[in-house]
Amino acid sequence: MSALANFVIRNNKMFFRNRMQVFFSVLSIIILIGLYAIFLQKLQVDSIAEMAKQNAAIKTLVNEWMIAGVLSIIPVTSTLGAYSLYVQDNERKILYDFLTTPMSRHTIQFSYMLSAFQIGLFMTLIAFIGCEIFLVATGGEWLSFTSLLKVLGVLVLAVFLSSVMMFFFTLIIKNSGTFSAFTSIVSTMIGFLCGVYVPMGVLPVFVQKVVEIFPISHTTVLLRQLFMEPTLPTVFGNMTANKESYMLAFGGQYKVNGAILTMAQSTGYVIFAIVVFTLISLVIYRLKNK
Amino acid sequence: MNAIEVTNLVKTYNDKVAVNDISFTVEEGSFFAFLGANGAGKSTTIEILCTLRQATTGEVMVAGQSLGTLKGNEHIRRSIGIVFQQNLLDDYLTVYENIRHRGRFYQQSKKEFEANYAFVNHYLKLDDIAHKRYEKLSGGQRRRADIARALIHRPHILFLDEPTTGLDPQTRRFVWNAVRTLCQETNMTIFLTTHYMEEAAVADKIIIMKEGTIVAEGSPESLKAAYAADELIIVLKEDAELPAELHATKIGERYHFQLEDTRDALPLLLKLRPYIASFEVIKGSLDDVFIRLNEERRV
Chain A
1 MSALANFVIR
11 NNKMFFRNRM
21 QVFFSVLSII
31 ILIGLYAIFL
41 QKLQVDSIAE
51 MAKQNAAIKT
61 LVNEWMIAGV
71 LSIIPVTSTL
81 GAYSLYVQDN
91 ERKILYDFLT
101 TPMSRHTIQF
111 SYMLSAFQIG
121 LFMTLIAFIG
131 CEIFLVATGG
141 EWLSFTSLLK
151 VLGVLVLAVF
161 LSSVMMFFFT
171 LIIKNSGTFS
181 AFTSIVSTMI
191 GFLCGVYVPM
201 GVLPVFVQKV
211 VEIFPISHTT
221 VLLRQLFMEP
231 TLPTVFGNMT
241 ANKESYMLAF
251 GGQYKVNGAI
261 LTMAQSTGYV
271 IFAIVVFTLI
281 SLVIYRLKNK
Chain W
1 MNAIEVTNLV
11 KTYNDKVAVN
21 DISFTVEEGS
31 FFAFLGANGA
41 GKSTTIEILC
51 TLRQATTGEV
61 MVAGQSLGTL
71 KGNEHIRRSI
81 GIVFQQNLLD
91 DYLTVYENIR
101 HRGRFYQQSK
111 KEFEANYAFV
121 NHYLKLDDIA
131 HKRYEKLSGG
141 QRRRADIARA
151 LIHRPHILFL
161 DEPTTGLDPQ
171 TRRFVWNAVR
181 TLCQETNMTI
191 FLTTHYMEEA
201 AVADKIIIMK
211 EGTIVAEGSP
221 ESLKAAYAAD
231 ELIIVLKEDA
241 ELPAELHATK
251 IGERYHFQLE
261 DTRDALPLLL
271 KLRPYIASFE
281 VIKGSLDDVF
291 IRLNEERRV
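Protein sequence lines correspond, in order, to chains A and W.
With the first letter of the first sequence counted as 1, position 36 gets the number 36 in the UniProt record's numbering; the numbers rise by one all the way through.
With the first letter of the second sequence counted as 1, position 277 gets the number 277 in the UniProt record's numbering; the numbers rise by one all the way through.
Everything labelled a hint here was simulated from the structure, so no lab data went into it.
What you are looking at is a predicted structure, and each value in this text was computed from that prediction instead of being measured.
Warning: the hint list may mix true and false statements.
To be verified - Covered, in the sense of this in silico footprint (three residues per stretch, anywhere, with C-beta under 8 Å from a C-beta of chain W), are these stretches of chain A:
hint : segment
1    : 7-19
2    : 89-97
Unchecked claim - Below, in silico cross-link-like pairs of lysine-lysine (BS3-like), each with a Cα-Cα straight-line distance of 30 Å or less:
hint : chain 1 : residue 1 : chain 2 : residue 2
3    : W       : K271      : W       : K237
4    : A       : K93       : W       : K132
5    : W       : K111      : A       : K13
6    : A       : K13       : W       : K110
Claimed, not checked - Pairwise CB distance ranges, derived in the manner of DEER restraints:
hint : chain 1 : residue 1 : chain 2 : residue 2 : range
7    : A       : R286      : W       : H195      : 33 to 39 Å
8    : A       : L35       : W       : Y13       : 46 to 52 Å
9    : W       : G166      : A       : S104      : 29 to 35 Å
10   : W       : I291      : A       : V276      : 55 to 61 Å
11   : A       : E91       : W       : N121      : 29 to 35 Å
12   : W       : E185      : A       : S2        : 31 to 37 Å
13   : W       : G166      : A       : N175      : 19 to 25 Å
14   : W       : I291      : A       : I284      : 40 to 46 Å
15   : A       : L152      : W       : Y13       : 48 to 54 Å
16   : W       : A130      : A       : F122      : 26 to 32 Å
17   : A       : M189      : W       : Y13       : 32 to 38 Å
18   : A       : S104      : W       : D204      : 32 to 38 Å
Note that beta-carbon positions come from the ideal geometry of N, C-alpha and C, so glycine has one too.
So here's chain W without its partners, still in its complex pose:
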């Protein structure tokens, strides 16, 4: 079953097309990554999915409900949690107050709220910050509070809009561990946008947007296989020369060999062994996929 179904979605602002006829599905309980450079149309798409904007044309189903009707939108809002790019809690309230006020927007009784608070506290370890004002928190602590707020009504789908931008590596790791554990234990669907490709590398499915359209779609492995080449990089010994039959790109002192697969480096290395001072085998990454797809269009 699909948590999200988007069919021929178009969004225009006056004459400008922000989202141009895109279609995709997100499977329930999956980890979905939605990538694209700034201005690619990701934010507009997410805002439509989260009921913040109306689509110009196209059909959108979120959590089994059609977007656009009053009842449908209300059901969707109960089913989704959003961690926005910006910190959106109230500076003058404590973390607990912030989460309690937000929880009550979902008409939770005191008992329900306390149970849900215990649930989010289990994953996000809020005890040390619960009674501190939000304005007094560090960036990482704020993020924990933001995620707790997004989860306080136990949503089926969690939207994470660049959730780790500006965070230190330790906090990023904490956030991802919490999200992954949650995803595994609750079958929650995760919809992620990020500029950190390594975060998207663990997704079940990735979509890459460019100028309002989908330019690539698939699992991280399939995208890497299609768009990112593995590489062998060598530095030659002093006075050594590369055999004429071998073709490589020279960048500075380094020779780059494009590979189909990292295993193809083995025969090459054996052949080059007498000439090599040092070498490095690099696996094609999602960064390469992203850069290549964006460059292709630019060219």
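If we strip away everything but chain A, and leave its shape as in the complex, we get:
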């Protein structure tokens, strides 16, 4: 077994054996969905009912909108949870033990990223299965095979992006206290930055621009388009203008310089962000571990 694979297994064991950490990671997802179902769902259903044909599919559409949002922020919170191990290793100087082995600095760095990716993907897939069951149980339909593959592709990209982006922040944090505060801030802000808690349309124009630039929000957009694709025609019928207004106002699509971004463009932007944050993390890690 290679040193890298061995290190990743060690990191994963350390994460999953910390039962409280895993419990709270899952609990945060359940709380998010619960809060949404109790407080926000009805507001949205009422708001869409004003611009669409009144039908039972609205609730499904709103659920799909919410599920897509939740699934785009789980990669962030779960990879961040996985990176707490790096902060602890650094703080307790356990990293010294690794830095004095023949493993290269890059192998060590890459192992934390790979481990965060695996943990993030595992947690996201579990959440995805739970969300699909929730959607079907509340009147929705199973995703088609093609949509399923596309959703899985976007989720992999989302987890990948979160892994490199969160590692960039993790590298500049030195202790668990600061990391814990950072995690709280990110967990709170990510819902707004991805337009999950409130629709994009109600945010100030400046904040909307920030959200559009924020790479992770593009995974939200992609997931919304995929999840809502079959339900949108049922809700809006041939009211194309209303559908477009709804998608823009609720963060289902972004309009940049007067043109609506295609799925390919959002995907390209996500990949571009992955490359940029990987390079930045590499440079920071090299500077920190000369």
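Starting from the known structure of chain A, fit chain W onto it as the hints suggest.
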């Protein structure tokens, strides 16, 4: 042959000089003690030798390789084992898992690992703790696991950074017996830092650091001869007075006579016999050496 050669090593952090132009050698297979008060520059030096920090200037050779190059550093990392001051194994893994994961960082095959594990188990008696989680172990058990981890790749040089701090006397004795036996049987070089001077007293060579520089170097005996005086301490009988021609320092009820050697106490005792209620002859210790060298600089 030398296991470690340090020449004109300097390490600065911004304007602060942590290590100031030090040079020393450590002979292969020897027991070397590196002493100094907190902030003396020991930890920085060890971190440089262990490839954790880069030297500002100077040359360092460890296990025959020059420090600083990618290939040299990798060779050095394969040749050294480190028992850090802190417990650095993973709380949620068992002792065996911890050692196995660390062993694989050295690209050991399963067969090699099992052979090396049997080797460390022979010296450190891990059977009772092997399948216990590290977080559940006592301080002494953790130390055994830490040392086993440091030895799992059969290093040529073992760095022990205050390995017995906070341990009970029984565990300290166990640790030292294991290390000494290992040293004798494998010709491993031991590089020790400690605050317990009696642990350094069995070293082949000692270096004492103060404020980034080496203030003394030599065998324990030579350092004691140079910096620590032997003493005769007496308590006089009631109403007895010390003869005028004898000079001693009085501390409380006790009179202290500085001696060149403990044997010099014999003629003195014969002379003082009628006046003495009780006496004690104290051999100068490394503690005295350490305290004297640190005080000298302070003065």
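A quick look at each hint next to the structure:
For a cut-off of 8 Å, the count of residues in the segment 7-19 of chain A with a CB near a CB of chain W stands at 7, and the three-residue condition holds. As drawn, the segment 89-97 of chain A meets chain W at 5 residues by the rule of a beta-carbon pair under 8 Å; at three or more, the given contact holds. As the CA atoms of W/K271 and W/K237 are separated by approximately 14 Å, the hinted pair is consistent with the 30 Å bound. At most 30 Å may separate the alpha-carbon atoms for a hinted pair to count; A/K93 and W/K132 meet this at roughly 22 Å.
Restraint check for W/K111 and A/K13: satisfied, since their Cα atoms lie roughly 23 Å apart, inside the 30 Å limit. The straight-line distance between the Cα atoms of A/K13 and W/K110 is roughly 20 Å, inside the 30 Å bound, and the hint therefore holds. About 36 Å separates the C-beta atoms of A/R286 and W/H195, a value consistent with the hinted range of 33 to 39 Å. The hinted range of 46 to 52 Å is satisfied by A/L35 and W/Y13, whose Cβ atoms lie roughly 49 Å apart.
In this structure, W/G166 and A/S104 meet the distance hint of 29 to 35 Å, their C-beta atoms being roughly 34 Å apart. Taking 55 to 61 Å as the suggested C-beta distance range, the pair W/I291 and A/V276 conforms, at roughly 57 Å. The supplied range of 29 to 35 Å is met by A/E91 and W/N121, whose beta-carbon atoms lie about 31 Å from each other. A hinted range of 31 to 37 Å for the beta carbons of W/E185 and A/S2 is consistent with their spacing of about 33 Å.
Take W/G166 and A/N175: their Cβ atoms lie about 23 Å apart, and the range 19 to 25 Å holds. With their beta carbons about 45 Å apart, W/I291 and A/I284 fall inside the hinted range of 40 to 46 Å. The given range of 48 to 54 Å is respected by A/L152 and W/Y13, whose C-beta atoms sit roughly 49 Å from each other. In this structure, W/A130 and A/F122 meet the distance hint of 26 to 32 Å, their C-beta atoms being roughly 29 Å apart.
Against the hinted window of 32 to 38 Å, the Cβ-Cβ separation of A/M189 and W/Y13 comes to about 36 Å, which satisfies the hint. A hinted range of 32 to 38 Å for the beta carbons of A/S104 and W/D204 is consistent with their spacing of about 35 Å.
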